[in-house]
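A.B. asks: Listed in order, the protein sequences are those of chains P and V.
Per this note's numbering, the first sequence starts with residue 5, numbered consecutively.
Per this note's numbering, the second sequence starts with residue 5, numbered consecutively.
In short, the hints are calculated from the structure, not lab data.
Errors might be hidden in some of the hints.
Which copy? The list can't say, so a pair holds if one copy fits it or any two copies do.
Stated by the list, open to error - Under the rule of at most 25 Å between Cα atoms (straight-line distance), these lysine to aspartate or glutamate pairs were calculated in the DMTMM-like manner:
no., residue 1, residue 2
1, K89, D153
2, K403, E67
3, K403, E68
4, K402, E67
5, K14, E81
6, K317, E67
7, K317, E68
8, K317, D106
9, K16, E390
10, K16, E81
2 protein chains.
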Amino acid sequence: MFSLNSNYLKLKAGYLFPEIARRVQAFLDTHPEAVTDLIRCGIGDVTEPLPLAAREAMHEAIEELGQPATFRGYGPEQGYDFLRKLITQHDYAARGVSIAEDEIFISDGSKCDGANILDILGTQNQIAVMDPVYPVYVDTNVMRGRSSDAREDGSYEGITYLECTPENAFVPEIPKEKVDIIYLCYPNNPTGTVASHAALSAWVEYARRHQSLILFDAAYEAFIQDPNIPHSIYEIPGARECAIELRSFSKKAGFTGVRCAFTVVPKELMGITSAGTQRSLHPFWLRRMTTSFNGVSYITQRGAAALYIPQGKAEVETLIHHYMGNATILRDALLASHHTVYGGTNAPYLWIKSPQGETSWQTFDRMLDHHHIVVTPGSGFGKAGEGYFRISAFNSRKKVLEVAQRLSHS
Amino acid sequence: MFSLNSNYLKLKAGYLFPEIARRVQAFLDTHPEAVTDLIRCGIGDVTEPLPLAAREAMHEAIEELGQPATFRGYGPEQGYDFLRKLITQHDYAARGVSIAEDEIFISDGSKCDGANILDILGTQNQIAVMDPVYPVYVDTNVMRGRSSDAREDGSYEGITYLECTPENAFVPEIPKEKVDIIYLCYPNNPTGTVASHAALSAWVEYARRHQSLILFDAAYEAFIQDPNIPHSIYEIPGARECAIELRSFSKKAGFTGVRCAFTVVPKELMGITSAGTQRSLHPFWLRRMTTSFNGVSYITQRGAAALYIPQGKAEVETLIHHYMGNATILRDALLASHHTVYGGTNAPYLWIKSPQGETSWQTFDRMLDHHHIVVTPGSGFGKAGEGYFRISAFNSRKKVLEVAQRLSHS
Chain P
5 MFSLNSNYLK
15 LKAGYLFPEI
25 ARRVQAFLDT
35 HPEAVTDLIR
45 CGIGDVTEPL
55 PLAAREAMHE
65 AIEELGQPAT
75 FRGYGPEQGY
85 DFLRKLITQH
95 DYAARGVSIA
105 EDEIFISDGS
115 KCDGANILDI
125 LGTQNQIAVM
135 DPVYPVYVDT
145 NVMRGRSSDA
155 REDGSYEGIT
165 YLECTPENAF
175 VPEIPKEKVD
185 IIYLCYPNNP
195 TGTVASHAAL
205 SAWVEYARRH
215 QSLILFDAAY
225 EAFIQDPNIP
235 HSIYEIPGAR
245 ECAIELRSFS
255 KKAGFTGVRC
265 AFTVVPKELM
275 GITSAGTQRS
285 LHPFWLRRMT
295 TSFNGVSYIT
305 QRGAAALYIP
315 QGKAEVETLI
325 HHYMGNATIL
335 RDALLASHHT
345 VYGGTNAPYL
355 WIKSPQGETS
365 WQTFDRMLDH
375 HHIVVTPGSG
385 FGKAGEGYFR
395 ISAFNSRKKV
405 LEVAQRLSHS
Chain V
5 MFSLNSNYLK
15 LKAGYLFPEI
25 ARRVQAFLDT
35 HPEAVTDLIR
45 CGIGDVTEPL
55 PLAAREAMHE
65 AIEELGQPAT
75 FRGYGPEQGY
85 DFLRKLITQH
95 DYAARGVSIA
105 EDEIFISDGS
115 KCDGANILDI
125 LGTQNQIAVM
135 DPVYPVYVDT
145 NVMRGRSSDA
155 REDGSYEGIT
165 YLECTPENAF
175 VPEIPKEKVD
185 IIYLCYPNNP
195 TGTVASHAAL
205 SAWVEYARRH
215 QSLILFDAAY
225 EAFIQDPNIP
235 HSIYEIPGAR
245 ECAIELRSFS
255 KKAGFTGVRC
265 AFTVVPKELM
275 GITSAGTQRS
285 LHPFWLRRMT
295 TSFNGVSYIT
305 QRGAAALYIP
315 QGKAEVETLI
325 HHYMGNATIL
335 RDALLASHHT
345 VYGGTNAPYL
355 WIKSPQGETS
365 WQTFDRMLDH
375 HHIVVTPGSG
385 FGKAGEGYFR
395 ISAFNSRKKV
405 LEVAQRLSHS
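All chains, please: the whole structure from these sequences, using the hints.
C.D. replies: Spelled out as structure tokens, the structure:
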């Protein structure tokens, strides 16, 4: 009989969001009157419309595909040059970072990229993730056999968890042992915190010393307000030799339903083969993308390119201003109601300490019962998330003001 | 140092299309006058514009995303119900096949699906492919360690090649040994041939007996003209217990640059785990898709859905009529010029015997030199392709008539 990939059986069932849905439903069953005023602050999805510049460009692209003279079929699997070029100029050169066009790979999402990049890496690599962590980093490694079984607390044997706490400003300490692949995500989901130039430099130094690989998830870089915070790992000297960067148009431009992202793979980045020779990662990723992917919709790529023209840039700024305005309102309301709050100044997430003596789920239940507000329990993101909860700034202004109002009565 | 997936080093460099490009360039360098009348008949990409029904639906979808009340962010990773439902009705129920909506998984392409489905299958499975073969089936398995090294002729140790020749009507004979996973593609690329109900039944019977998995690539099913030829493997009784089907909107609706396809995974389909227990594949694929993918663009899915309304259906029929009209013209011209021709009656590809004593590449060179026509040498698709060449019907009518004209002077 043909065999299955049994690593999938190690996966703990997705627990966090189904359990949230279950508790919300149970609450609504007993409090049907709450259905009209329940506000969901747990969601990491955008709410505001797609920028006009992107819509106009996509309308035009559709019409191009409707005419014989301008029809386009298969595009380059790595993405169209027009978009790769804009990215190198606006996202990198403008910040003093030199990235070649052929080091940019356009994709349909960072979630896909984060999973797919693992295809080109050896199974024996020791993986390190931040705790709390975006669960997909862990699950995609478990699926590929880079862990042992799950523990009772949901973590996996064989994966290194790097604790992020107020004491280390939510940037993990450099580990004593050697790890091969390190996931870093800044601005961070779920904690909403950022990493300074110095903090990232320490990690780049570690990675170069141990010849480790940093997978740097910068999906939220556009939300950074502080001019001293790096937007890209490549702002750190030496990062081209040790880091892959993941970026996305999802959150900054309302593209979660449109699907466009990209990965940067510098040519200097070397790994080791089973024969013990060093090889550049770049041709491996190029081969992976050209053989197992067929490129992103031309229409979508034209929409993404429009985000770099002045009108598109201005609309992205308006979106960021909206969500970061939400974050400020939420942060002020939480501080006024005597909460200890992290994040929310350079990221669209707030990470809040549960009041003394409450677990994450107890806070969840209380917020639901008393305020009809759905938050995300921090323990759902890992052991170090226990005693915290996350509130998302992705919402309409009206709902955010209502949440602030309710919190002021707590 | 972090390690690379060294299986990638087993891959032979992509040879076929780069070598074609090299020879065409060398020819044009010495015959610059030919640049204006060179006709490329090697390409498997569509040429005709996107149907109006799809364009209109995509324009509307873009406007929905532009309004707060109708904005949509993340969609279901498995695809929107509106599209899954249309597929079950029009592609399956209409042909007497019962497929549940949640057995349909919408994706951004069959190439991606064909690669990704391998993630959920054990590494030890014995793979069998048709010869000649679409190279991606082989390469994606080599990348995952399901082969040994490449042989001199480009094939891989450890992969079973099933010869397709005129003697077996280009449907491979049932092998004597047991294989775990069998790729079947009908209508076939590159041979343009189809498989009868009886031929597919023999394979389903084999797969059920050995508890093997058939990966059935039906990307070209819409080109079938003969009412007796199955469009889906599920038209064969028992196939739900042994087959996954891959379908695509690329070729039938001009979607190669738009990107939409789907995979069917029936719930009855069982594989074996490392612990020796049988498990349904369906939850494995659901987990793979929800964890490593974020769904297809809402705009694209609305465009695909429009292909099922009467106007969209009529436009797809017009496209099929155009390409199959091309195929008929090419076939008639090739027969009139005394070629032995296969395919081209239920598929957009013609598979032609090289004249006595010529290799595939010799025919390629002669067609280029004498006729300024670029064909695809059959040997590029595998050992059993030697002595054949492929001509694609994906072209404008004008160019196809010109090709026919030139062939009549051969």
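A.B. asks: Each of the hints needs a verdict: does it hold here or not?
C.D. replies: How the hints compare with the structure:
1. Taking identical chains as interchangeable, the C-alpha atoms of K89 and D153 are never at most 25 Å apart, the minima being 44 Å within one chain and 38 Å between chains.
2. Taking CA atoms no more than 25 Å apart as the test, K403 paired with E67 passes between copies only; the shortest distance there is 24 Å, against 38 Å inside one copy.
3. Proximity of K403 to E68 under the C-alpha cut-off of 25 Å is restricted to the inter-copy arrangement: shortest distance 21 Å between copies versus 40 Å within a copy.
4. Taking CA atoms no more than 25 Å apart as the test, K402 paired with E67 passes between copies only; the shortest distance there is 23 Å, against 37 Å inside one copy.
5. Only between protomers do K14 and E81 lie at most 25 Å apart by alpha-carbon distance; the minimum there is 22 Å, versus 33 Å within a single protomer.
6. Proximity of K317 to E67 under the C-alpha cut-off of 25 Å is found in both arrangements, the shortest distances being 24 Å within a copy and 20 Å between copies.
7. In this assembly of identical chains, the alpha carbons of K317 and E68 lie at most 25 Å apart whether taken from the same copy (24 Å) or from different copies (21 Å).
8. Taking the shortest alpha-carbon separations for K317 and D106, only the intra-copy value of 24 Å comes in at or below 25 Å, while the best inter-copy value is 39 Å.
9. With identical chains, the CA atoms of K16 and E390 are at most 25 Å apart within one copy only, with a shortest distance of 18 Å there and 50 Å across copies.
10. In this homomeric assembly, K16 and E81 come within 25 Å of each other (Cα to Cα) only across copies, at 19 Å, whereas the closest approach inside a single copy is 34 Å.
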